[in-house]
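Engineer: Given these sequences and hints, build the entire structure.
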Amino acid sequence: MTRTLRLALLTSTMLAGAASAQDVTLTIESWRNDDLTIWQDTIIPAFEAQNPGIKVVFAPTAPAEYNAALNSKLSAGSAGDLITCRPFDASLELYNQGHLADLSGLASMANFSSVAKSAWQTDDGAATFCVPMASVIHGFIYNKDAFDALGIAVPTTNDEFFAALDKIKADGTYIPMAMGTNDQWEAATMGYNNIGPNYWKGEEGRLALIKGEQKLTDAAWVAPFEQLAKWKDYLGDGFEAQTYPDSQNLFTLGRAAVYPAGSWEISGFNTQAAFKMGAFPPPVQAAGDTCYISDHTDIAIGLNAKSANAEQAKVFLEWVGSPEFATMYANALPGFFSLNSTPVEMQDPLAQEFVSWRGKCQSTIRSTYQILSRGTPNLENETWNASANVIKGTEAPADAAKRLQDGLASWYAPQK
Amino acid sequence: MAARKPVRWHIGVFLAPAVLVYTAIMIIPLFGTLNLSLFNKGADGVVFVGLANFATLFGDPRWSDAFWNALGNNAWFFVVHMLVQNPIGIALAAILSTPRLRMAAFYRTAIFIPTILSFVIVGFVWKLILSPIWGIAPGMLDFVGLKGLFAPWLGKEEYALTTLALISVWQFVGIPMMLIYAALLSIPDEVLEAAEMDGITGMSQFWKIKLPLILPSIGIISILTFVGNFNAFDLIYVAQGALAGPDFSTDILGTFLYRTFFGFQLQLGDAYMGSAIAGAMFGIILLGVCVYLFGIQTRLRRYQF
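If you read the protein sequences in the order shown, they are chains S and U. Going by the numbering used here, the first sequence runs without a break in its numbering and finishes at 416. Going by the numbering used here, the second sequence runs without a break in its numbering and finishes at 305.
Worth flagging that the hints you see were computed from the coordinates, not collected in a lab. Here a beta-carbon is modelled for each residue, glycine too, at the ideal position from N, C-alpha and C. Warning: the hint list may mix true and false statements.
What the hints assert, rightly or not - Below, a list of computed lysine-lysine pairs in the DSS-like style, where the Cα atoms sit at most 30 Å apart: (1) K156/U x K127/U; (2) K5/U x K169/S; (3) K230/S x K147/U; (4) K230/S x K156/U.
Said to hold, decoys possible - Reference listing, derived: stretches of chain U covered by chain S, where coverage requires no fewer than 3 residues with Cβ under 8 Å from a Cβ of chain S: (5) 233 to 245; (6) 261 to 269.
What the hints assert, rightly or not - Now the stretches of chain S that chain U is said to cover, found in silico as 3 or more residues with beta-carbon under 8 Å: (7) 30 to 37; (8) 216 to 224; (9) 331 to 342; (10) 362 to 375.
Structural biologist: Rendered as structure tokens:
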């Protein structure tokens, strides 16, 4: 009995081995279960058509469980060949533990800028371990019908921005801006890190902060809080208890005129909103200033260091780094922008508007994501709290900045 | 020769399932957590640090401020339950147990139903009711001319925790009601008849006869409320998220533990400090239960019918 079973097992292993000698199957670990059909119907068939002999399986896990599930699969040696990478520390930790292979040598890495790669590099930039796939861009989406009806031009400077909000408020038909502080993260992500790069000059300020040359109490880092403090008057009644879905609904139902946004909203808004929409980048301080946008690196794909099919997986990764993949991905998921240096043609007008800012503005990423949120207190979480407090008016901008700086300095050596 | 006393093996056999299950899913994890709280990540791997995690938790202002804030909020959460939930529960039970009340079964069921609802539903429904945008609360207050009293309660530091505590009271008032109701029904009619013979009826009958007889049940309810409140997490997490906003004003020990142990957003989980917080929670609950068991329960007078 045992012998039969052993024999059967042995045969099946050999058969499986023989099968894989002809056809290699690559498995992709991912948290994007929303994108399953896009991968199965569009992306994978395109790759398989060009690369006979390599089969690809997209095997996503629920977003909330992804990190934990992936960690245990990697430790147990049962993870797929290709690993979808979260930005910064979560993936860096996997690389340091030897779960992700160094991909610096891939030819297609040349297609990405250093900012695009920064989310999946070691702190010194020596090794890159994931191929960047997409980023999300921050800005403001507005109700075009409302702007036309009220005769408001798209604001480019702070003064124009607040003048437009004043006008909407005076008219009274629309809530000037749809945002709440109940869930806190919008205040930081769509508030502070949306408008902030114009003040701290994008990468320049972000890197200076990491090096310890600038402090969060410097004028450039306090100014965004001072702007946020002015938002309070333009938010809807009871914005303190307004949640993220509330804000989305207020805007798509046409009750609010401006929505501080991330580009991931595009596909949802396209289906929900019955009016014309437009978008503008965060307003600059004075006309003619260089504009900076938060073009946040969000998703990438890496190679399981223990993969038995590393050669074929690298073929796939080279393809992910190609302009062809970039076009396909960006059009299937409007709002997730390719990080590829080659410009990508997109069909969606709102997505086109967002991505056009890359041409005229300097790109940066969210200031709190790289290195600075490693300790206790966690700078990102504190920024949520501080931004929400500043908008509500329960904490003064300078006090909030000082609290963040003290927290950061308590564990981060360059800021001590 | 007298027969040797037989081995009473059946006791072991009958106890075994409960003991095994309880040990596997309660006792081992509990001691595992307490054990974990004595370790932390050192320069080279995990090292034994003794009580250093607790020293950090209570000594480092970055941790202790959050801890005392959570403990204070938790205490207020408990106070609201003791002052609102339990008296209302007792009152409802007293009303329900009056024989003249019609449709008692209906009221009993209606009041008890929220208890079996999921926290997710309760949190979501109440957030909608109280929403300043779509909620019916502003409209209803407007209807009675009190619109001025409305505030976005869940978004204001000064009201949010009390609001959530009252939502929790709404959900769980059925439990003290049911326990007291059962206790009231178990009071023998002879006692009540004797009281009536002595001319004690109505309210004074409740205060002088029934209340002393149900005191042990009230004690049990108090301790259940205490344990439940200091282990609470779900409602706050569902309504306000893991950051327990606004500005940590609704942060209780459960949410503080969750953020620390499992991490949140960019904050990576720290199982060692998380275990220390869990250990502190265990200590607080143990202390509370001991105070009750040895300080109060032994002094309660019991009546045997």
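Engineer: Each of the hints needs a verdict: does it hold here or not?
Structural biologist: Going down the list of hints, with the structure as the test:
For the given pair, K156/U sits about 13 Å from K127/U by alpha-carbon distance, which is consistent with the 30 Å threshold. Restraint check for K5/U and K169/S: not satisfied, since their Cα atoms lie roughly 91 Å apart, outside the 30 Å limit. Restraint check: the Cα-Cα separation between K230/S and K147/U comes to about 26 Å, which is no more than 30 Å; the hinted pair holds. Between the alpha carbons of K230/S and K156/U the distance comes to roughly 19 Å, so the proposed pair stays at or under 30 Å and holds.
Given as covered by chain S, the stretch 233 to 245 of chain U passes the check, having 4 residues with a CB less than 8 Å from a CB of that chain where 3 are the minimum. A count of 5 residues in the stretch 261 to 269 of chain U with a Cβ less than 8 Å from any Cβ of chain S is obtained; the coverage claim is therefore met, three being the minimum. With a cut-off of 8 Å between beta carbons, the stretch 30 to 37 of chain S has 0 residues touching chain U; three or more are needed, and the interface restraint is violated. By the rule of at least three residues with a Cβ nearer than 8 Å to a Cβ of chain U, the coverage given for the stretch 216 to 224 of chain S is violated, with 0 such residues.
Against chain U, the stretch 331 to 342 of chain S contributes 0 residues with a C-beta closer than 8 Å to a partner C-beta. That does not satisfy the three-residue criterion, and the hint is violated. Beta-carbon proximity to chain U at under 8 Å applies to 4 residues in the stretch 362 to 375 of chain S; the threshold of 3 is reached and the given coverage holds.
Violated hints for the displayed structure, listed by number in ascending order: 2, 7, 8, 9.
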